[in-house]
Amino acid sequence: MQPQQNDNTLLDDKAQVENLFNKQSLQQMEETLKQTPVDFFVAQEEAILNTIRKTNTNAKIISITTWKKLAIAASFIAIAASAYIFTASNNKTKEIANNLTIQEIPTSEIESYVNDYEGIAEIDWQSEINKEGSNLENITTYLKEDSNKNQE
Amino acid sequence: MNIKDKALNLSSKVLSKFVSMQSDQELIIEFQQSAHKEAAFTQLLKRHQQKLFYQIKRMVTEHADADDIAQQVWIKVWNKLDGFKMESEFATWLFRVAYNETLNFLQKQKKQSSQNISADNLDYENAASAADGPKSAQIQIALEQAIQQLPEKQRFVFMLRYFEECNYEKIASITGTTVGGAKANFHQAIKKMEEILKRD
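Chains as they are written, first to last, in this note's numbering: chain A, 1 to 152; chain B, 1 to 200.
Simulated from the structure, these hints should not be mistaken for laboratory data.
Do not take every clue at face value.
[What the hints assert, rightly or not] Beyond 12 Å from chain B on every Cβ pair, some chain A residues (computed):
id	residue
1	A47
2	A81
3	I139
[Unchecked claim] Straight-line C-alpha distance at most 20 Å; calculated PhoX-like pairs for lysine-lysine:
id	chain 1	residue 1	chain 2	residue 2
4	B	K183	A	K14
5	A	K23	B	K111
6	A	K34	B	K85
7	B	K153	B	K111
8	A	K34	B	K51
9	A	K69	B	K85
10	A	K54	B	K51
11	A	K54	B	K191
12	B	K80	A	K23
13	B	K192	A	K14
14	A	K14	B	K111
15	A	K14	B	K153
Backbone N, C-alpha and C define an ideal beta-carbon position, used for all residues, glycine too.
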């Protein structure tokens, strides 16, 4: 890190410190700090590079190029957009169903709906009639038996 | 050594000479664009390794701790250098990473062993009260004691300003403050050390 050449305040600041502690002590402190074992920095460099090499072989970092990044981003946007459209259309249908009354539906639309689903409607009606018929038969047999008992 | 080996040796020497002449910015571009990142990174490491280590050691004092922190910083630099956008100088960014790592270390250390710190202070006091020692040694102890009592940020700013002779703009971007804030930190540090000296 290079000191700024035209920093006049630096000298003032340093002088302020040197008034407090003598310059020799400050220099001495710095010299003591800079005492390191022989070849310490070579060993440190090796240690750093070895750690990096190890982590690189354990977990290979795959560099993602710009177009790959864009493709990933586009797929995320597509998923989010389709999810939004799906929920929005569902909500819209629900909203229409909640707000619509039978009086508001034009007769022609009801008729066309009935015509379209006539077959299903007939089958439904037929089953209902059959059900009711069986119920009526039960009632008539019950009534007959009841009247016979009364006569006896 | 045959001719082929000599040629290889010479070419590697030329290459390393060429790499050493490159600026930080050129080395970073080479790191970011090349598949052989290690050569560029090693050059950056060699260039800034010592200053970085000394600044960390000024903060933590223990040689082994400073070594651990420095290694962590360089590994972080390796992992993040691909995303470095050259908005600041590499050295400023490097010292900023070191600043954060050192502060994290000191905070963890503070939590773990508040008792050890008081024991260290006691050692200082015992050493300082040794009347038979020369006066310069007493001043030195007082100086170290005063520096160690500074809040971490003030200490970091003080070291950068006095020993690394950094300008306030650089100090501000390393410590994440304004220029005014950095100046205030430096002067508060001096004021505090003055108070400590008067008190002791």
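Hint-by-hint comparison with the structure:
1. A47: About 6 Å separates A/A47 from the closest Cβ of chain B, which leaves it inside 12 Å; violated.
2. A81: holds (29 Å)
3. I139: holds (85 Å)
4. B/K183 to A/K14: OK: B/K183 and A/K14 at ~13 Å, within 20 Å.
5. A/K23 to B/K111: This hinted pair is violated, its Cα atoms lying about 34 Å apart.
6. A/K34 to B/K85: At roughly 32 Å apart (the allowed maximum being 20 Å), B/K85 and A/K34 break the hint.
7. B/K153 to B/K111: Judged against 20 Å, a Cα distance of about 17 Å means the pair holds.
8. A/K34 to B/K51: holds (10 Å)
9. A/K69 to B/K85: holds (18 Å)
10. A/K54 to B/K51: Violated, at roughly 26 Å.
11. A/K54 to B/K191: violated (47 Å)
12. B/K80 to A/K23: violated (39 Å)
13. B/K192 to A/K14: holds (16 Å)
14. A/K14 to B/K111: Violated, at roughly 33 Å.
15. A/K14 to B/K153: This hinted pair holds, its Cα atoms lying about 18 Å apart.
Hints 1, 5, 6, 10, 11, 12, 14, counting from the list given before, are not met by this structure.
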